[in-house]
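Each protein sequence line maps, in turn, to chains W and Y.
Heads up: the first sequence at position 97 corresponds to 97 in full-length UniProt numbering, and the numbers run straight through without jumps.
Heads up: the second sequence at position 62 corresponds to 62 in full-length UniProt numbering, and the numbers run straight through without jumps.
In case anyone wonders, no lab produced these hints; they're calculated from the structure.
Computed from a predicted structure; not experimentally measured.
There's no promise every hint is true.
Quick list of in silico lysine to any residue cross-link-like pairs, SDA-like style, CA-CA up to 20 Å [said to hold, decoys possible]:
(1) W/Lys84 - Y/Phe116
(2) Y/Lys237 - Y/Asn274
(3) W/Lys83 - Y/Ser117
(4) W/Lys83 - Y/Tyr70
(5) W/Lys84 - Y/Phe115
(6) W/Lys84 - W/Ile136
(7) Y/Lys124 - W/Asp60
(8) W/Lys47 - Y/Glu74
(9) W/Lys84 - Y/Ile78
(10) W/Lys84 - Y/Asp75
(11) W/Lys83 - Y/Ser161
(12) Y/Lys237 - Y/Glu273
(13) W/Lys84 - Y/Lys237
(14) W/Lys47 - Y/Val45
(15) Y/Lys124 - Y/Pro205
(16) W/Lys83 - Y/Leu76
(17) W/Lys84 - Y/Glu74
(18) Y/Lys206 - W/Asp60
(19) Y/Lys124 - W/Ser57
(20) Y/Lys224 - Y/Tyr172
(21) W/Lys47 - Y/Leu285
(22) W/Lys91 - Y/Gly121
(23) W/Lys47 - Y/Arg42
(24) Y/Lys124 - W/Tyr30
(25) W/Lys84 - Y/Gly121
(26) W/Lys47 - Y/Gly43
(27) W/Lys84 - Y/Leu285
(28) Y/Lys206 - W/Tyr39
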Amino acid sequence: MKKIALVMIIALLGTLSSEAQIQKVDQEVYGMDCAPCAYGLERGLNKMDGLQNVRVSLNDGKAYLQLLKNNGLSLKNIQEEVKKNGFSAKKAQITISGTVKKENGLWVIETGQELFDISQHSPTELVQALTPGMAIVSGTVEDEEDGNLSGRWAIILTKVK
Amino acid sequence: MAISNLHLKIVLIIILCSSTISILNAQGHGPLYGLQTPTLARGGVDLNVASMSLSTENETSYMLRYLFSYGITEDLQINLTTPTMIERLDNAPRTRGNSNMPANGDIEASLWYRFFSNAFGVGKRFEGTAVLGVSAPTDDVRAQVNVGNSIHGAISTGYASRTWYAWLGGGYQYYFEKDNEQLGDLPYASAVVGYRPNIFMGDYPKPDWRIFLETMAEFPGDNKYNGQQNFSDTRSKKVLMGPSFLGLYGAWGISFGALFPVVQDLTPSAVKENYRVSINLSYWL
Numbered sequence: 001m002k003k004i005a006l007v008m009i010i011a012l013l014g015t016l017s018s019e020a021q022i023q024k025v026d027q028e029v030y031g032m033d034c035a036p037c038a039y040g041l042e043r044g045l046n047k048m049d050g051l052q053n054v055r056v057s058l059n060d061g062k063a064y065l066q067l068l069k070n071n072g073l074s075l076k077n078i079q080e081e082v083k084k085n086g087f088s089a090k091k092a093q094i095t096i097s098g099t100v101k102k103e104n105g106l107w108v109i110e111t112g113q114e115l116f117d118i119s120q121h122s123p124t125e126l127v128q129a130l131t132p133g134m135a136i137v138s139g140t141v142e143d144e145e146d147g148n149l150s151g152r153w154a155i156i157l158t159k160v161k
Numbered sequence: 001m002a003i004s005n006l007h008l009k010i011v012l013i014i015i016l017c018s019s020t021i022s023i024l025n026a027q028g029h030g031p032l033y034g035l036q037t038p039t040l041a042r043g044g045v046d047l048n049v050a051s052m053s054l055s056t057e058n059e060t061s062y063m064l065r066y067l068f069s070y071g072i073t074e075d076l077q078i079n080l081t082t083p084t085m086i087e088r089l090d091n092a093p094r095t096r097g098n099s100n101m102p103a104n105g106d107i108e109a110s111l112w113y114r115f116f117s118n119a120f121g122v123g124k125r126f127e128g129t130a131v132l133g134v135s136a137p138t139d140d141v142r143a144q145v146n147v148g149n150s151i152h153g154a155i156s157t158g159y160a161s162r163t164w165y166a167w168l169g170g171g172y173q174y175y176f177e178k179d180n181e182q183l184g185d186l187p188y189a190s191a192v193v194g195y196r197p198n199i200f201m202g203d204y205p206k207p208d209w210r211i212f213l214e215t216m217a218e219f220p221g222d223n224k225y226n227g228q229q230n231f232s233d234t235r236s237k238k239v240l241m242g243p244s245f246l247g248l249y250g251a252w253g254i255s256f257g258a259l260f261p262v263v264q265d266l267t268p269s270a271v272k273e274n275y276r277v278s279i280n281l282s283y284w285l
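Just chain W, same shape as in the assembly:
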């Protein structure tokens, strides 16, 4: 009986961890030079539902975000909040869980909120490791024009689970 319960818990956890979503974002922010700037950005990000932890570093020029399981946030939401504070969101290192599939012969990952095109600059061995279905990947998302965020990004893979 205990074994059945354990298996059910593991299965449930497995299901949750495979939810299509962003798990972690290290967002590069340009133009942030002062403590009130960092304070304002941190407070703005903290107001968003779905965040577990936020830390802003002036010296790194980055906002470090850990997201809750089953969050509904998108990278677009996060970058829009950066812009709302008067700064420019640049590249981001992210970890996402999503559905890997092929679109027009090219690999993409869909999180439900957004679509990430696997960049041709990704290491070949990581691209070859992709298979259709759920996966957790990490990578660098290229900078997009702040005023023209579409929710479709290019990601250079750094890790595939």
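Let chain W serve as the given structure and place chain Y on it in line with the hints.
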């Protein structure tokens, strides 16, 4: 009346001292006197309380000033500032006060529009901001002249990084005529250089300090008096220079500094200045 003024001065001194003591809990943003460029986040609110003093060869003014700012967008900010005059000058020089605050008893509403901003690196940005304001006086007569409403416009551009800062700006204030009298207009320019030493490079949320060298150049026109010869086409020339300091901690800021005249080429009716000092406390809601 004299006792009342004395009490107000004591209150001002207490506020000035407590402001200095509470450095770790207070702050400001950008230069103290010169025109600056940063605007609030969309929906951001900033409250400022400043104490200002201006000393001329004959008298000294004391004023508390409050500034409420709201970020309509990240590039458009609305401001409202009101004074509590503790000691007015009988013969007040024509000048601006702190950055985005009048130096006299005017209530002023202004819009700041950051018309360009280029964030090109970590902590680095280059931007330009335009200011348009209208004001109404709280006094009927200033420097023996009937005081009218005024308009103020300015433009500034600046560079900010984690180490160096620089702002350059120019503005113009025009007072409307009232009962055949008119305060002189005020073209002015400001230049500010700022530096943050390495010892203040601690990362957020540690306190953050920077030092500025501020310069103001002012060219106030003479006043127009009723029934007297009109000298309003003559101008004084003043250049003031001095240090200011800005400390930031979380949502709080304090800035304080002084300006001293280095050039005073004055018309006969203009008054000579000795110094200006100011402390400004800010809180970002």
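Here's how the hints hold up against the structure:
1. W/Lys84 - Y/Phe116: 15 Å, holds
2. Y/Lys237 - Y/Asn274: The given pair, whose Cα atoms are some 15 Å apart, holds under the 20 Å limit.
3. W/Lys83 - Y/Ser117: Measuring from Cα to Cα gives roughly 11 Å; hence the hint holds.
4. W/Lys83 - Y/Tyr70: This hinted pair holds, its Cα atoms lying about 17 Å apart.
5. W/Lys84 - Y/Phe115: 15 Å, holds
6. W/Lys84 - W/Ile136: 30 Å, violated
7. Y/Lys124 - W/Asp60: Holds. Y/Lys124 to W/Asp60 sits at ~12 Å (cutoff 20 Å).
8. W/Lys47 - Y/Glu74: 17 Å, holds
9. W/Lys84 - Y/Ile78: 16 Å, holds
10. W/Lys84 - Y/Asp75: 9 Å, holds
11. W/Lys83 - Y/Ser161: Answer holds: W/Lys83 to Y/Ser161 is near 18 Å, not above 20 Å.
12. Y/Lys237 - Y/Glu273: 12 Å, holds
13. W/Lys84 - Y/Lys237: 41 Å, violated
14. W/Lys47 - Y/Val45: Holds. W/Lys47 to Y/Val45 sits at ~16 Å (cutoff 20 Å).
15. Y/Lys124 - Y/Pro205: 19 Å, holds
16. W/Lys83 - Y/Leu76: 13 Å, holds
17. W/Lys84 - Y/Glu74: Within the cut-off at roughly 6 Å; holds.
18. Y/Lys206 - W/Asp60: 14 Å, holds
19. Y/Lys124 - W/Ser57: Cα-Cα ~14 Å, so holds.
20. Y/Lys224 - Y/Tyr172: 18 Å, holds
21. W/Lys47 - Y/Leu285: With a Cα-Cα distance of about 14 Å, the restraint between W/Lys47 and Y/Leu285 holds, given a limit of 20 Å.
22. W/Lys91 - Y/Gly121: Given pair W/Lys91, Y/Gly121 holds - Cα atoms ~12 Å apart, limit 20 Å.
23. W/Lys47 - Y/Arg42: 14 Å, holds
24. Y/Lys124 - W/Tyr30: Roughly 7 Å separates the two Cα atoms, so the pair holds.
25. W/Lys84 - Y/Gly121: Since the Cα atoms of W/Lys84 and Y/Gly121 sit roughly 18 Å apart, the hinted pair holds (cutoff 20 Å).
26. W/Lys47 - Y/Gly43: 13 Å, holds
27. W/Lys84 - Y/Leu285: 15 Å, holds
28. Y/Lys206 - W/Tyr39: 11 Å, holds
Violation of the numbered hints given earlier is confined to hints 6 and 13; the remaining hints are satisfied by the structure.
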